[in-house]
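On the provided structure of chain S, position chain C as indicated by the hints.
For the protein sequence lines, the chains are S and C, in the order given.
Sequential numbering of the first sequence, starting at 2, is according to this note's numbering.
Sequential numbering of the second sequence, starting at 8, is according to this note's numbering.
Don't take every hint at face value.
To be clear about the criterion: a stretch of chain C counts as covered by chain S if any three or more of its residues have a C-beta under 8 Å from a C-beta of chain S, and this derived list gives those stretches [unchecked claim]: (1) 158-165; (2) 175-183.
Short derived list, chain C residues pointing at chain S, Cβ under 8 Å [claimed, not checked]: (3) GLY86; (4) ILE155; (5) LEU169; (6) LEU172; (7) SER210; (8) VAL220; (9) ALA224; (10) ILE227; (11) GLU230.
Far from chain S by the CB rule (all over 12 Å, computed), these chain C residues [to be verified]: (12) GLU51; (13) THR87; (14) GLU89; (15) PRO95; (16) LEU152; (17) VAL170; (18) PHE209.
The hints are simulated quantities; they were obtained by calculation from the structure and are not laboratory data.
Predicted model, so just to flag it, every value in this text is computed and none were measured.
The C-beta atom is built at its ideal place from N, Cα and C for all residues, glycine as well.
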Amino acid sequence: MKINWFKYSAPMSFYPLAGKLIPLFWIAAIMLILGGLYWGFFKTADILNDQKQYYRIIYVHVASAWMAMWLYAVMVFWAMLGLIFNTRLSYMLASATAVTGTVMTIIALATGAIWGKTSWGTYWDWDPKLTTFLILLFVYIGYIALQSAIDDVRRSDKASALLALVGLALVPIIYYAVNCPDPTQCASLHQESSLKRVESNILIGMLVTTLGFWMYSFATTLMRARIIVLERERSTTWVSNLPEISLAETSNSKIEARTETRS
Amino acid sequence: MTSAFGTILKRDLLLALRRRSEIFTVLFFFIVVISLFPLGVGTEEKILQQMAPGVVWIAALLASTLALDRLFSADYEDGTLEKIVLSPSSLSMSVFAKILAHWLLTGLPLVLISPLLGLFYHLPMDSIFVMMFVLFIGTPVLSMLGAIAAALTLGLRGGGVLVSLLVLPLYIPVLVYGAGAISTSMITGVSIEPYVLLLLAFSLLSIVFSPWVTAAALKISLE
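For reference, chain S alone in the conformation it holds in the complex (with noise of 0.2 Å):
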């Protein structure tokens, strides 16, 4: 049997697609969310003394900042298919991934800040991997603003695909050189990561979470998919034969022919 690979690379065929699977990504979001956090707030063991019922933050920051981390794999991910196969899809979904990204780093900021503040005593330190998730938002935003710099759609779509890729060749020397300024010794604030010690029920906890929050990415991500390709494909007549779009021309132009009238 032979399979089209790219049958969902048109953005005609992409497009209703998407729009099935929004809502199943949404109620997997919010299932997977509120399920994980339950699970993290009162299903875990309580080992630790009252004092320190801050940790439980780590729900919201550990799943956030990985999928920050993530969502930057995805966006060039789809910027090197852009490049490979020049297919507009690719790019849309490489500009709606990174607006993601950049939320996702932001509330693992926010969140990191607030945990901070109870467990060091301070908003902000200069530690390694605060720093390299700083430097991860400069990054994104410095893509979101070129992609919106530029006003011709192929020049932007593969200017900013290529700023992606040099991004993530860079981003590993970035982290080494915040990660350790001295070469001949390191020293961090934040504990190394440590997966394996975590007590089980915690650990569900997260990764259940983490989950939604990547089932939140796919709905918000698709859903921009959505939005960028009415946008740039406007001019179609699949667009215009869309039942919302033509239920909202056609209101439109009551509306306009009723002011005509008045007028």
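Frame of chain S; chain C shown alone:
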């Protein structure tokens, strides 16, 4: 291929020498920024020595991003850049020549003036030599990475600010190790070799890859 490289290099240097003020603008920007810091934070010798490495590097980063605007824009406006892109010789080599000329005109003067600024900050003689050396091997990275951003933002409204936004976060490794080397040189008994080796590695990596990426970016921008 080499002849195109030589021709473009010679042409860019000649053009810049005919309009010398542009070289001096960047240089004086660097000097002014560095001299403003002591006025803002106080002139105590200890504070100045501690700040000097970071201040010098940040001034160098800002000066080089300011200068990036001129790397391709004049050639873009009068159509020379399209000729270069269309010519049969390798675009990466031509771009490399342009970046090299740009570094000779905006990076090298900063390196040469830096000892004087070291005196402003009461740096010891050894550290001044270290500063010159790390600026010498670090500033090419700034021109190389900056060229990519300059090519991507070619001919855009407000391109100058956008270039800074894109490129400054990418300069962080150079800033960290460049300033680190100068700070370490003021502590006796600690080797600055790891810093120098890392900076050299960045330099070589950027020289190998950046002309190639910049050429791709130029093709996208001129499409």
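Cross-check of the supplied hints:
Check result for the stretch 158-165 of chain C against chain S: holds, 5 residues qualifying (beta carbon to beta carbon below 8 Å, three or more required). Residues of the stretch 175-183 of chain C with a Cβ under 8 Å from some Cβ of chain S number 6, which satisfies the need for three, so the listed coverage holds. The restraint placing C:GLY86 at the interface with chain S is violated, with a minimum CB-CB distance near 18 Å, outside the 8 Å limit. Because the beta carbon of C:ILE155 sits about 6 Å from the nearest beta carbon in chain S, less than 8 Å, this interface hint is met.
Against a cut-off of 8 Å between C-beta atoms, the interface hint on C:LEU169 holds, since the closest Cβ of chain S lies about 5 Å away. Of the supplied interface hints, the one on C:LEU172 holds, with its beta-carbon coming within about 5 Å of a beta-carbon of chain S, less than 8 Å. Taking 8 Å as the C-beta contact cut-off toward chain S, the hint placing C:SER210 at the interface is violated, the least distance being around 13 Å. For C:VAL220, the suggested interface contact is upheld, since its CB lies about 6 Å from the closest CB of chain S, less than 8 Å.
Hint status for C:ALA224: holds, given a least beta-carbon distance of 6 Å to chain S, under 8 Å. Interface hint status for C:ILE227: upheld, as the beta-carbon distance to the closest one in chain S is roughly 4 Å, under 8 Å. The interface hint given for C:GLU230 is met, as the beta carbon of that residue sits about 6 Å from the closest beta carbon of chain S, less than 8 Å. With 12 Å as the threshold on Cβ separation, the claim that C:GLU51 sits away from chain S holds: the shortest Cβ distance comes to roughly 23 Å.
With a minimum CB-CB distance of about 20 Å to chain S, C:THR87 clears the 12 Å threshold, and the non-interface call stands. For C:GLU89, the requirement that its beta carbon stay farther than 12 Å from each beta carbon of chain S is met, with the minimum near 15 Å. The Cβ of C:PRO95 lies farther than 12 Å from every Cβ of chain S, with a closest approach of about 24 Å, so its non-interface assignment holds. Distance to chain S contradicts C:LEU152 as a non-interface residue, since its nearest Cβ pair spans about 8 Å, not more than 12 Å.
Consistency note on C:VAL170: stated as away from chain S, yet its beta-carbon is not over 12 Å from all of that chain's, at 10 Å minimum. The non-interface label for C:PHE209 is inconsistent with chain S: the shortest C-beta to C-beta separation is roughly 7 Å, within 12 Å.
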